[in-house]
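Peer 1: Using my numbering, you'd call the opening residue of the sequence shown number 1 and step up by one each time.
Derived by calculation from the structure, the hints in this document are not laboratory data. Source: prediction; values computed, not measured. Just to be clear, a hint being listed does not mean it is correct.
What the hints assert, rightly or not - Result set (EDC-like, lysine to aspartate or glutamate): computed pairs, CA atoms no more than 20 Å apart in a straight line:
#1 173 - 47
#2 116 - 36
#3 135 - 95
#4 40 - 70
#5 116 - 165
#6 116 - 140
#7 141 - 95
#8 116 - 101
#9 62 - 44
#10 40 - 92
#11 151 - 44
#12 141 - 113
#13 173 - 142
#14 116 - 47
#15 173 - 92
#16 151 - 70
#17 151 - 55
#18 141 - 72
#19 146 - 156
#20 135 - 44
#21 40 - 142
#22 40 - 55
#23 146 - 72
#24 173 - 101
#25 40 - 95
#26 173 - 55
#27 40 - 156
#28 62 - 142
#29 62 - 95
#30 146 - 95
#31 141 - 44
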Amino acid sequence: MVALLAAISIRLTSGAQGTGGSSMELRSSAFQNGGDIPRKHTCDGTDLSPPLRWENPPAGTKSLALIADDPDAPVGTWVHWVIYDMPTATTELAEGAPVTETLANGAKQGINDFRKVGYGGPCPPPGPAHRYFFKLYALDKETNLKPRSTKQQLLDTIKGHILAEAQLMGRYKR
Numbered sequence: 001m002v003a004l005l006a007a008i009s010i011r012l013t014s015g016a017q018g019t020g021g022s023s024m025e026l027r028s029s030a031f032q033n034g035g036d037i038p039r040k041h042t043c044d045g046t047d048l049s050p051p052l053r054w055e056n057p058p059a060g061t062k063s064l065a066l067i068a069d070d071p072d073a074p075v076g077t078w079v080h081w082v083i084y085d086m087p088t089a090t091t092e093l094a095e096g097a098p099v100t101e102t103l104a105n106g107a108k109q110g111i112n113d114f115r116k117v118g119y120g121g122p123c124p125p126p127g128p129a130h131r132y133f134f135k136l137y138a139l140d141k142e143t144n145l146k147p148r149s150t151k152q153q154l155l156d157t158i159k160g161h162i163l164a165e166a167q168l169m170g171r172y173k174r
């Protein structure tokens, strides 16, 4: 299991170090980095958010944020999930995160491009596989954005406040 988790993690893209000198990592037990996202995490299944785990946010992290999007969508990058103001003690999002404006840990969820709060799974048109990027940000502040904020509002707010970033990419095809 440890070898599998190590194999599916991707290194921090910004090069910042987490606590203990290790790079922040993001992984899922549902799919490998670059692998296929299982049907149950898509609109063709039960549309459950995949389980995500991370470790080694850098010292000074005050909150975490996550964006999941599809840069291969025919209309331009399609946003599937926006979460922000996750407490630093949070190390995972369990499979099937509630589709509510605020999670039990106080994290807030934004609006996806399906115009809904929370996770909206992959739902590409028939054809080649699309790539879905899950990007985790370690921030030096809380955003204090209200629930239902957009990806762009989050990105505007966190500009200049990103201590580290980790990402995981999965694919899905119909």
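Peer 1: State for each hint whether it applies.
Peer 2: Do the hints match the structure? See the list:
In summary, the hint linking residue 173 to residue 47 is supported, as the alpha carbons are separated by about 15 Å, within the 20 Å threshold. For the suggested pair residue 116 and residue 36, the alpha carbons sit about 24 Å apart, so the restraint of at most 20 Å is broken. Annotation: proposed proximity of residue 135 to residue 95 holds, straight-line Cα distance about 17 Å (limit 20 Å). The straight-line distance between the Cα atoms of residue 40 and residue 70 is roughly 17 Å, inside the 20 Å bound, and the hint therefore holds.
Taking the CA atoms of residue 116 and residue 165, the gap is about 25 Å. The hint is violated against a cut of 20 Å. With a C-alpha separation of about 28 Å, the suggested pairing of residue 116 with residue 140 is violated against the 20 Å cut-off. Simply put, residue 141 and residue 95 have alpha-carbon atoms about 26 Å apart, too far for the 20 Å limit, and the pair is violated. Among the hinted pairs, residue 116 with residue 101 is consistent with the structure: their alpha-carbon atoms are about 10 Å apart, no more than 20 Å.
For the hint pairing residue 62 with residue 44, the CA-to-CA distance comes to about 36 Å; that exceeds 20 Å, so the pair is violated. Pair hint residue 40 plus residue 92 holds up; C-alpha atoms about 19 Å apart against a cutoff of 20 Å. With a C-alpha separation of about 24 Å, the suggested pairing of residue 151 with residue 44 is violated against the 20 Å cut-off. This hinted pair does not check out: residue 141 and residue 113 have alpha carbons roughly 26 Å apart, beyond 20 Å.
Using a Cα cut-off of 20 Å, the hinted pair residue 173 and residue 142 is violated, with the two alpha carbons roughly 36 Å apart. Pair hint residue 116 plus residue 47 holds up; C-alpha atoms about 13 Å apart against a cutoff of 20 Å. Between the alpha carbons of residue 173 and residue 92 the distance comes to roughly 26 Å, so the proposed pair goes past 20 Å and is violated. The hinted pair formed by residue 151 and residue 70 meets the criterion: a straight-line CA distance of about 13 Å does not exceed 20 Å.
The straight-line distance between the Cα atoms of residue 151 and residue 55 is roughly 23 Å, outside the 20 Å bound, and the hint therefore fails. Between residue 141 and residue 72 the CA atoms are separated by roughly 31 Å; this puts the pair beyond 20 Å, and the hint is violated. Distance check on the hinted pair: residue 146 and residue 156 sit about 14 Å apart at the alpha-carbon level, within 20 Å; holds. For the hint linking residue 135 to residue 44, the alpha-carbon distance of about 23 Å lies beyond 20 Å, and the restraint is violated.
Between residue 40 and residue 142 the alpha-carbon distance is near 32 Å, which puts this suggested pair outside the 20 Å criterion. Of the pairs offered as hints, the one joining residue 40 and residue 55 is violated, with about 25 Å between alpha carbons and a cut-off of 20 Å exceeded. Proximity of residue 146 to residue 72 is assessed by CA-CA distance (about 29 Å); at most 20 Å being required, the pair is judged violated. Annotation: proposed proximity of residue 173 to residue 101 is violated, straight-line Cα distance about 29 Å (limit 20 Å).
Among the hinted pairs, residue 40 with residue 95 is consistent with the structure: their alpha-carbon atoms are about 10 Å apart, no more than 20 Å. Our distance criterion of 20 Å between C-alpha atoms is broken by residue 173 and residue 55, whose separation comes to about 29 Å. Proximity of residue 40 to residue 156 is assessed by CA-CA distance (about 32 Å); at most 20 Å being required, the pair is judged violated. Proximity of residue 62 to residue 142 is assessed by CA-CA distance (about 6 Å); at most 20 Å being required, the pair is judged to hold.
Using a Cα cut-off of 20 Å, the hinted pair residue 62 and residue 95 is violated, with the two alpha carbons roughly 24 Å apart. A distance of roughly 24 Å separates the Cα atoms of residue 146 and residue 95; the hinted pair therefore is violated under the 20 Å criterion. A distance of roughly 37 Å separates the Cα atoms of residue 141 and residue 44; the hinted pair therefore is violated under the 20 Å criterion.
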